[in-house]
Amino acid sequence: MGAYIARRVIAMVLMLIALSMIVFLIFNALPADPARLTCGKACTPQVIEANRTRLGLDKPLYEQYAIFAKGIFAGRTYGEGTSVSFECSVPCLGYSFRKGEEVSTLLWDRFPVTAQMALGAFILWIVFGVSVGIVAALKRGKWQDRTIMGFSLIGYSFPSFFIGLLLVFFVQIKWGLIGFEGYVPIYEDPRLWFSGFILPWIALALLYAAFYARLTRNQMLETMGEDYIRTARAKGLRERTVIAKHGLRAGLTPIVTAAGLDLAGLLGGAIITEQIFALPGIGRLAIESVVDADLPVITGTVLVAAALVIVANLVVDILYAVIDPRVRLA
Amino acid sequence: MSIGGTGDTGGTGEVFLDVKDLKVEFPTEDGVVSAVDGVTFSVRKGKTLAIVGESGSGKSVTSQAVMGLINRKTAKLSGEVRLDGEELLTATTEQVRSLRGKRMAMIFQDPLSSLHPFYTIGKQLAEAVLVHQHVSKRAAMDQARTMLDRVGIPNPERRIKDYPHNLSGGMRQRVMIAMALLNDPELLIADEPTTALDVTVQAQILNLLRDLQKEFGTAIVLITHDLGVVADMADDVVVMYGGRIVERGGIDDIYYAPEMPYTWGLLGSVPRMDVGRGARLEPIPGQPPSLIRLPKGCVFRPRCPYHELVPGNRCDVERPDLLPVTPDHAVRCHLEPAQRKEIAIERLGAHSGQVAAPISTGQGTGSPRQEGR
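So the protein lines, in turn, are chains A and B.
Under the numbering used here, think of the first position of the first sequence as 581, with each following residue one higher.
Under the numbering used here, think of the first position of the second sequence as 99, with each following residue one higher.
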């Protein structure tokens, strides 16, 4: 087990390095000139060239990458040896001249909003989607099953921005049930905090819940047809125990994998949902930086989101080995 | 081999399981699948009844109907299943559940898929104890350990912490047997208990079952398509085809004086030690019937080489009844008894009108159940 985890961690680190190279290369190959972004309206060709040299943007790409990578672990000083030098602290993912802020600080400020949005939606869709899926499986072919599967198909077919806009239109505009405060930290006003998050939670959870209801139903149906379920019944176990202890244990295990990866994906930001509900999260930051062509922020956001998925992959694999004793890690 | 009364198939102990006219039907989109139709048999304590037939003959469905493992919502069951006098088909599911694993237990064909992959052997065994006995978890675990030792699993102390995938096929089947025996059941149904195992392990498992039967006086229903296993184990035999019993009798009746063309076919397709090396095995031509649209006449008619011997196309138009030849031996066939005896001698060769038993997988080779005869 220990060796397995060690191997996986090493593989993950290698993957992260490769990932950072690719991300760095892609965004530096864009036609946008990073030096041009440093001075805004005050730009003259002389200033741009001066900044290019000061920031090391005239160096070859591999050297720039080395500086970038070193910055993540050791910090970095911009404009070293000049009068306008400044520190970018560890982990330095770059500096946004647009926002006048270190990329890591920007991400760190936005992350809590995205995390609250993702976790709330996650809890909602797991509780709702999985339980509804179990009911559908146990009532296979009955009206409960058909109703649930019908709604889940609808929920699954609607894009989240459509559901989001419907919610905004009816709940906020037409019925005026919820105001337009947007994000309010929980310590400032718990009630407003909740009303700021409830709609994005629902909009995100509906889509995922519909998917998880189907996934759970299929898993449960498959499991309940297994030979070991028949054995459990042959022992004389009550049907409740057969389902809860033998059925769910095996049927829900694969759902852990899907859930872990989906949560990680959401933690990297939900661009559309954050935009619709005015949540200043990572998704919003990503959009702003794309609109502003704010290269360091784009690179940082993509890197962090991708790293989240890679780490989640590892966590899920290890978790799976713990849950399923047959996974013996070769 | 003992002489039994009419109707049931031999034995001296009390009748423990009594099945009468059992029917199991599954409605499907393509029509009603008549999986079991009018099956009647009984088993006495300490005796073994073998149910023999190809896949799809209804033998597994019969056993699961007895155990109450067939969903009454999706299948139609009728007839009678009496366990020690108690009628099970009309009993509530809760009543049947409380008997399951306690007075009647079942061993399944594939022990790997029949054990839960996520729970340790010990947990799965202890669970079987805890449903039916009011004991502590620790006491249940002790029982599990003792039972593993009893079914010949070395090092039970360590094995209870293992998962099913850690064990070999033979060990897993021993675990299944241990699980079935934990609550001292009076009836044990073994559904192809050795099919998934290699031959040497097969013999061990059969010996184990026999020893345990001697010790506890359990009634055993052995479901198999392996006539070698039957010769080794059974007191009585029921041959099923197309959801029906086509021949029923004591082990000697079936091996030495079989009278149904299907039984001949089964015996003819088993390798034998007593005929020359050149002799070829004779498979039964054709496929088992679809249980949705059964032939109108005899179910075996499409595969039967002798139907022309019966005058007036009776095999095509009339279902034969299961009629007694002797009090213990009944056959479902339109052929005249004299004709059947003649063909049996001709087909299965044999000296002085007796057919030797096929080679068996256990130690009882040559003749079935040499002991006690």
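Note that these hints are calculated values from the structure, not bench results.
Keep in mind that the hints are not guaranteed to be accurate.
[Stated by the list, open to error] Subject to a maximum C-alpha distance of 35 Å in a straight line, what follows is the list of computed DSBU-like cross-link-like pairs (lysine-lysine):
1. A:722 - B:143
2. A:825 - B:200
3. B:118 - A:722
4. B:121 - B:143
5. A:825 - B:259
6. A:722 - B:171
7. B:118 - B:259
8. B:121 - A:719
9. B:143 - A:719
10. B:394 - A:825
Cross-check of the supplied hints:
Under the criterion of a C-alpha separation no larger than 35 Å, the hint pairing residue 722 of chain A with residue 143 of chain B is inconsistent with the structure, at around 43 Å. Distance check on the hinted pair: residue 825 of chain A and residue 200 of chain B sit about 20 Å apart at the alpha-carbon level, within 35 Å; holds. A hinted pair counts as satisfied when its Cα atoms are at most 35 Å apart, and residue 118 of chain B with residue 722 of chain A qualifies at roughly 33 Å. A C-alpha spacing of about 24 Å is found between residue 121 of chain B and residue 143 of chain B, which places the hinted pair at or below 35 Å, so the restraint holds.
Restraint check for residue 825 of chain A and residue 259 of chain B: satisfied, since their Cα atoms lie roughly 18 Å apart, inside the 35 Å limit. Taking the CA atoms of residue 722 of chain A and residue 171 of chain B, the gap is near 12 Å; set against the 35 Å cutoff, the hint holds. A threshold of 35 Å between alpha carbons decides the hint, and for residue 118 of chain B with residue 259 of chain B the separation of about 43 Å lies outside it, so the pair is violated. Proposed proximity of residue 121 of chain B and residue 719 of chain A is supported: the alpha carbons are some 26 Å apart, at most 35 Å.
With a CA separation close to 40 Å, the supplied pair residue 143 of chain B and residue 719 of chain A exceeds the 35 Å bound. As the CA atoms of residue 394 of chain B and residue 825 of chain A are separated by approximately 47 Å, the hinted pair breaks the 35 Å bound.
Hint check: violations occur at hints 1, 7, 9 and 10; the rest are consistent with the structure.
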